[in-house]
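Chemist: Protein sequence lines, in the order shown, are assigned to chains U and B.
Once you know that position 19 of the first sequence is 19 in my numbering, the rest is easy, because the numbers rise by one and skip nothing.
Once you know that position 107 of the second sequence is 1107 in my numbering, the rest is easy, because the numbers rise by one and skip nothing.
Do not rely on the hints blindly, as some may be mistaken.
[Claimed, not checked] Lysine to aspartate or glutamate pairs mimicking EDC-like chemistry, simulated, CA-CA at most 16 Å apart:
| no. | chain 1 | residue 1 | chain 2 | residue 2 |
| --- | --- | --- | --- | --- |
| 1 | U | K272 | U | E137 |
| 2 | B | K1120 | B | D1088 |
| 3 | U | K217 | U | D294 |
| 4 | B | K1072 | B | D1133 |
| 5 | B | K1072 | U | E116 |
| 6 | B | K1120 | B | E1089 |
| 7 | B | K1042 | B | D1162 |
| 8 | B | K1072 | U | D294 |
| 9 | B | K1072 | U | E274 |
[What the hints assert, rightly or not] Quick partial rundown of chain B residues pointing at chain U, CB under 10 Å, derived from the structure:
| no. | residue |
| --- | --- |
| 10 | I1026 |
| 11 | E1104 |
| 12 | P1220 |
Simulated from the structure, these hints should not be mistaken for laboratory data.
All C-beta atoms, glycine included, are put in the ideal place defined by N, C-alpha and C.
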Amino acid sequence: MVSLLMQLYLPIAEVSVNAFLLLGLGGIVGVLSGMFGVGGGFLMTPLLFFIGIPPAVAVATEANQIVASSFSGVLAHLRRKTVDLKMGTVLLAGGLVGSAIGVQVFKILKEMGQVELLVTLCYVVFLGIVGGLMFIESLGTIRRARKPSTSPVARKHHNWVHGLPLKMRFRQSQLYISAIPVLLIGASVGVLAAIMGVGGGFIMVPAMIYILGMPTKVVVGTSLFQIIFVTGFTTLMHATQNYTVDAVLALLLLLGGVVGAQIGARLGVRLKAEQLRILLAIMVLAVCGKLAFDLIVQPGELYSLGPGGDH
Amino acid sequence: MVLLALAHPAWTEEVIGALSQNTVAITANFDGSEIFVFGAVKRDAPVPSDAGPLHVVITILGPSEPVVVRRKERTFGIWVNRDAVEVDEAPSFYAIATTGPLYEIMSNTARLRHRIGFDKVVRVVGAPDTISDPSSFTEAVVRIRQDNGLYSQQDGTIDLRDETLFATNVALPANLTEGVYRTRMFLLRDREVVHISETAITVRKEGLERWIYTTAHERPFLYGILSIAVALFAGWLASEVFRVLRR
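Use the sequences and the hints to build the structure in full.
Modeler: Quick look at the structure:
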């Protein structure tokens, strides 16, 4: 009876997996999602490959799971009024355009037969840059904070972003900036999200902090808000075009995920912003390192099987 | 069969086989299955004293689909998929059970005619000229699927009693594809086939698994909307539950 409860056959992935393993994975990634405002897809998608879920199913189902954990997280943030809805909506407008472009790019790469490699390279490059920058910046801030003699550097310094036209007031973020960089960030995250099969929070969060100069407090909730819609759109695209959304897999992951996201959102309030950022940086760098390692070291099996009959 | 019977005019032998089950239902807790294959040899006269050794070979063949096999090569320091070969014929499942070493109890021509053995069922029809070693790609299919429990060759696992009754177990792994699994039982004398009994196992998803699978494929838009709705509901529910718990 115990074994009956643990092993579950996934109808779309067509593999049998341990139910508690999936609940646990969903829970851990959910905690990260609530804490950092990242969807967690950049961690979950490689983990699902690792436990034997076919990549196409993993990417599509992961998008569906992120809808749940982001929604759960955003509700917690809405109650604390740490979501800039106006900023989120402008980001989303860019994001949907970017996602549509990204899906086309993905299709072209697939026809070239190297989609897996390019997705991995995208991960290594972006995780490496984002993680490295965040790590250096957070370390610097923590060091400065320990020496009270030197005055802390103001984050809201005026950069090129403040010289652009089409200015809008974002009250929640205490910003009066042009809509152009916001739309551009939304769009480029949308493109990457579609290519890499993730929500894109791990790129959006640093972009909001370092390019737009948004306060860390509202960044997480606003990022989650935008991610719900982008991943919802992605889920629908995968369901109707590739039939790769596994409802049973998604349900298990999101049961763990929504609970984790709630815990994460509460943990996030207690930790200091700099501690949060350095933790996220370390995690991003760890995933980046693992992916790079797998590209460089000779794999145990050089051959791989894929569905044929395309040509 | 008529020709084979004429080759042994004095007496004839037939194999009568059966399975413990002809259908395999993939339900939510499906974690692989085991099929009991058994049968008997029917003959109209006693076995002549000069007759060669009697052997039985059982094969179960899953639905066949073309497979693209890619091989990685180190390029600029990283491992990249380079050569690819489309293997035109490769069963999704293939199990062989025998009463003795396959290559000793069955002649190569008999194996070729009835397509028995990994080398006879996994085939490339037209490999590109740029590939010097297409056989290493078909070998990779066999190796990877053996690791996944989809291909197996169990020499000597059939229990044959008094050249009359035989039985064996064949394991079906959890990662089965749906379809008709062709099951054949070969009766061999002097390394040649004297009779074949054929039956089929139907593997299909049942219950909730069936419903999810058909909805996903036949009404994908509804399925996508439902998936998102479930996700939003679960997110809301967790948020509410935690709000109550915090009070």
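Chemist: Could you run down the list of hints and mark each one as holding or not?
Modeler: Quick rundown of the hints versus the structure:
no.: 1; hint: U:K272 to U:E137; verdict: holds (15 Å)
no.: 2; hint: B:K1120 to B:D1088; verdict: holds (13 Å)
no.: 3; hint: U:K217 to U:D294; verdict: violated (36 Å)
no.: 4; hint: B:K1072 to B:D1133; verdict: holds (14 Å)
no.: 5; hint: B:K1072 to U:E116; verdict: holds (12 Å)
no.: 6; hint: B:K1120 to B:E1089; verdict: holds (10 Å)
no.: 7; hint: B:K1042 to B:D1162; verdict: holds (12 Å)
no.: 8; hint: B:K1072 to U:D294; verdict: holds (12 Å)
no.: 9; hint: B:K1072 to U:E274; verdict: violated (42 Å)
no.: 10; hint: I1026; verdict: holds (6 Å)
no.: 11; hint: E1104; verdict: violated (30 Å)
no.: 12; hint: P1220; verdict: holds (4 Å)
Checked against the numbered hints listed earlier, the structure breaks hints 3, 9 and 11; every other hint is satisfied.
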